[in-house]
Amino acid sequence: MKKILYSAFYSFNEIKNSKIFYSFLIFALILISGSYFVSQTSFIDQGRIMVDFSIFAISIFNIFIGIFIGSSIIYDDIEKKSIFLNLTKPIKRSYYLGGRILGLILAIIMSTFIMTIIFYAVLLIMRKYVSPVYFGGMSLEIMPQSIFVQSFFIIIESSFIAIIAILFSLITSKALASIFTIIILFIGEVSSRLNALVKPIKIISDGKLIIENHASPVTIFIVHLLYTVLPNFSIFNISAETSYKISIPSDIIFYRFIYGLSYSGLLFIIALVIFNKKDIT
Amino acid sequence: MIEINNITKYFRVGFLGTKKNAVDKLSLFINEGEVTGFFGPNGAGKSTTIKMIVGLIKPSSGNIKINGYNALDYKSRNRLGFLPENPAFSRGLKGIDIIKYYSKILNIKNGNSDTERVLNMTGIYYARNTQIHKYSKGMTQRLALAAALLGDPDILIFDEPLSGLDPIGRKEFKDIILHLKEKKKTIFFSSHILADSKELCDRIAVLVNGKLLKNDSLPSLEKEANNFYEKIDDSAALEYKNPLENYLYSLMINNNNNK
Ligand SMILES: Nc1ncnc2c1ncn2[C@@H]1O[C@H](COP(=O)(O)OP(=O)(O)OP(=O)(O)O)[C@@H](O)[C@H]1O
Ligand SMILES: [Mg+2]
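Protein chains in written order, with the numbering used here: chain W, 1 to 281; chain L, 1001 to 1259.
Extracted from the complex, chain W is given alone in its bound form (with noise of 0.2 Å):
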């Protein structure tokens, strides 16, 4: 058990060494940063200005980092037959594939921090969306719990990318797995709105309910088979919520983290199924 331990922290520095990576991270950080100086120009609310859209850069990028370090983290070990080396060691191939994606993990995680600190600086510095608390004779600003949940769902959701990205990059090419990757995520981002569109409409009239369906039956039905079976991405976006300062309740946060943890889960064991039934040439 140790060595998918020592399997992810070597993935994780291999992650963090590398150039897309980094260029996502420092672009991150230029975006985050510079969003305090788009916020100047608006003359209403610039704290929100600032909160939206640095809370949209942190999440797109971590977002790119699962899709396309996700997409190339296994299949370039094997195009460029390092994994020739990893595998022939004494270790279980779902150590290996567990530690590759543990890393990857690890590094949303790092990035996600990192990020979220300095869209906190800029916080500061501007004085918006932070607010003392009290600990003894001391005071600390801090950010709205909303911007923590969010930070902590948007871990969430790229890691959950990133497995969508790990497992199409078992069956396809690099290219079409990070295709196919935004390809759901877009699918995910707007089903729960596409369903809420699609469903029939009360009217009373007359006195009487009438039920009228506007679309049409099979769009209906692949409306609803999308919704149900692709996931539903909708829920790791709380902008409203951390625009307006509102709490997230905690029964929301762990039910919306079990969701992808279990859906992950799942992915995960079909990933592990190819990946052990794989000729490595």
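Hints are computed from structural coordinates only; laboratory data are not their basis.
The reader is advised that the hints may include incorrect statements.
[Claimed, not checked] Think about it this way: if two alpha-carbon atoms lie no more than 35 Å apart in a straight line, the pair counts; the simulated DSBU-like pairs of lysine-lysine are: (1) W/K92 - L/K1134; (2) L/K1223 - W/K81; (3) W/K92 - L/K1094; (4) W/K3 - L/K1058; (5) L/K1094 - W/K174; (6) W/K3 - L/K1094; (7) W/K81 - L/K1171; (8) L/K1171 - W/K277; (9) L/K1020 - W/K80; (10) W/K128 - W/K2; (11) L/K1231 - W/K81; (12) L/K1184 - W/K80; (13) W/K81 - L/K1100.
[As the list claims (entries may be wrong)] Computed Cβ-Cβ distance ranges for the label pairs, DEER-style: (14) W/Y259 - L/S1060: 40 to 48 Å; (15) L/K1065 - W/V218: 31 to 39 Å; (16) L/K1065 - W/F186: 44 to 52 Å; (17) L/H1133 - W/F254: 52 to 60 Å; (18) W/K2 - L/Y1069: 53 to 61 Å; (19) W/K199 - L/R1012: 41 to 49 Å; (20) W/Y259 - L/D1073: 55 to 63 Å; (21) W/G137 - L/N1112: 20 to 28 Å; (22) L/D1073 - W/P217: 49 to 57 Å; (23) L/G1164 - W/S23: 48 to 56 Å; (24) L/D1073 - W/F135: 51 to 59 Å; (25) L/D1073 - W/F9: 19 to 27 Å.
[As the list claims (entries may be wrong)] Where chain L lies over chain W, by a calculated footprint (3+ residues, C-beta under 8 Å): (26) 31 to 41; (27) 56 to 68; (28) 231 to 239.
This structure is a prediction, so every number in the text was calculated from the model and none was measured.
Ideal Cβ positions, reconstructed from N, Cα and C, are used throughout, including at glycine.
Got chain W; can you put chain L with the ligands on it based on the hints?
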């Protein structure tokens, strides 16, 4: 002791996915404490066989046992070192990071002294703090050999260990193999050049077109070659000076035609 029991491996090729045998009903026992050379032309199936031994590829039929464990079980690699053909490492790490990682995976007790030992033995110690993507081909080969020798394994599988090395490197690698031979390690290595590695072998196995044509001790194969040499008439233009080389060359030529 490695037992290869009647393994066949086919790959699906082309649009229709027709089966093509890369290795065909191969049975081979690799004896303990011996050096076995595995010779054959390009595309004979040497690397495919070796990848099945180290568990990277599943045989389509048949099985391989290493010290009693199936080759697909990771435990079969507890005392096994493998040097792949054209080894490569992932970018972004230093040589020493990679060796240290493998040393941990292998659960080596005195890790530091062992990593130093293998790095010195393969002559790459000086570059241990260099990033791996700055290594030359020969340096990568040396680091990969160091990784294979970690933990002083009893079984060593080398796929084309001498390819890509300069004459000095070849000599050093051969000396390492000779040294391992003295320590009574079980060594199985592939090559398509007989001349530069014959003297290392106790036993020679010849694979052509996925089929095992020979598996004999070096002396008995040499005797066979000498008989063959006497039979052919002198006017025939010989490709090689040495009878054994000529014999294997003709074996390869004659069996490769039916492709
Ligand atoms: N992944 C693969 N898919 C399809 N065919 C393959 C695959 N790997 C190997 N082959 C085929 O199997 C045969 C044996 O290949 P292999 O690499 O084992 O040869 P080799 O003896 O190692 O040759 P060389 O001396 O050139 O390294 C070749 O015909 C090759 O084309
Ligand atoms: Mg080969």
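Verification of the hints:
Taken as a hint, the W/K92 and L/K1134 pair is honoured in the structure, with Cα atoms around 30 Å apart against an allowance of 35 Å. Distance restraint check for L/K1223 and W/K81: the Cα-Cα separation of roughly 40 Å exceeds the 35 Å cut-off, and the hinted pair is therefore not satisfied. About 24 Å separates the Cα atoms of W/K92 and L/K1094, which keeps this hinted pair within 35 Å; it holds. Of the pairs offered as hints, the one joining W/K3 and L/K1058 holds, with about 23 Å between alpha carbons and a cut-off of 35 Å not exceeded.
Simply put, L/K1094 and W/K174 have alpha-carbon atoms about 26 Å apart, close enough for the 35 Å limit, and the pair holds. The hinted pair formed by W/K3 and L/K1094 meets the criterion: a straight-line CA distance of about 20 Å does not exceed 35 Å. The hinted pair formed by W/K81 and L/K1171 meets the criterion: a straight-line CA distance of about 26 Å does not exceed 35 Å. Note on L/K1171 and W/K277: the hinted pairing is violated, with a Cα-Cα distance of about 39 Å set against a maximum of 35 Å.
A distance of roughly 24 Å separates the Cα atoms of L/K1020 and W/K80; the hinted pair therefore holds under the 35 Å criterion. For the given pair, W/K128 sits about 44 Å from W/K2 by alpha-carbon distance, which is inconsistent with the 35 Å threshold. A threshold of 35 Å between alpha carbons decides the hint, and for L/K1231 with W/K81 the separation of about 46 Å lies outside it, so the pair is violated. At most 35 Å may separate the alpha-carbon atoms for a hinted pair to count; L/K1184 and W/K80 meet this at roughly 33 Å.
A hinted pair counts as satisfied when its Cα atoms are at most 35 Å apart, and W/K81 with L/K1100 qualifies at roughly 20 Å. For the hinted restraint 40 to 48 Å between W/Y259 and L/S1060, the CB-CB distance of approximately 41 Å keeps it satisfied. The hinted range of 31 to 39 Å is not satisfied by L/K1065 and W/V218, whose Cβ atoms lie roughly 56 Å apart. Restraint check, L/K1065 to W/F186: a C-beta distance of roughly 50 Å satisfies the suggested window 44 to 52 Å.
Checked against the given bound of 52 to 60 Å, the beta carbons of L/H1133 and W/F254, roughly 44 Å apart, lie outside it. W/K2 and L/Y1069 have their C-beta atoms about 21 Å apart, which leaves the hinted 53 to 61 Å range violated. Distance hint for W/K199 and L/R1012: a CB-CB separation of about 47 Å, consistent with the stated range 41 to 49 Å. For the pair W/Y259 and L/D1073, the supplied restraint of 55 to 63 Å is violated, since their beta-carbon distance comes to about 36 Å.
For the pair W/G137 and L/N1112, the beta carbons lie near 50 Å from each other, so the given range of 20 to 28 Å is not met. At about 52 Å, the beta-carbon gap between L/D1073 and W/P217 stays in the expected band of 49 to 57 Å. For the pair L/G1164 and W/S23, the beta carbons lie near 33 Å from each other, so the given range of 48 to 56 Å is not met. A beta carbon spacing of about 56 Å between L/D1073 and W/F135 agrees with the range 51 to 59 Å that was offered as a hint.
Checked against the hint of 19 to 27 Å, the C-beta distance between L/D1073 and W/F9 comes to roughly 25 Å, which is consistent with it. Judged by the Cβ-Cβ criterion of 8 Å, the segment 31 to 41 of chain W is not covered by chain L as claimed, because only 0 of its residues qualify and three are needed. Chain L is given as covering the segment 56 to 68 of chain W, and this is violated because 0 residues of the stretch bring a CB closer than 8 Å to a CB of that chain, at least three being needed. Evaluation of the coverage hint for the segment 231 to 239 of chain W: breached, as 0 residues show C-beta separations to chain L shorter than 8 Å, against a requirement of three.
Figure legend: structure checked against the earlier numbered hints; hints not met, in rising order: 2, 8, 10, 11, 15, 17, 18, 20, 21, 23, 26, 27 and 28.
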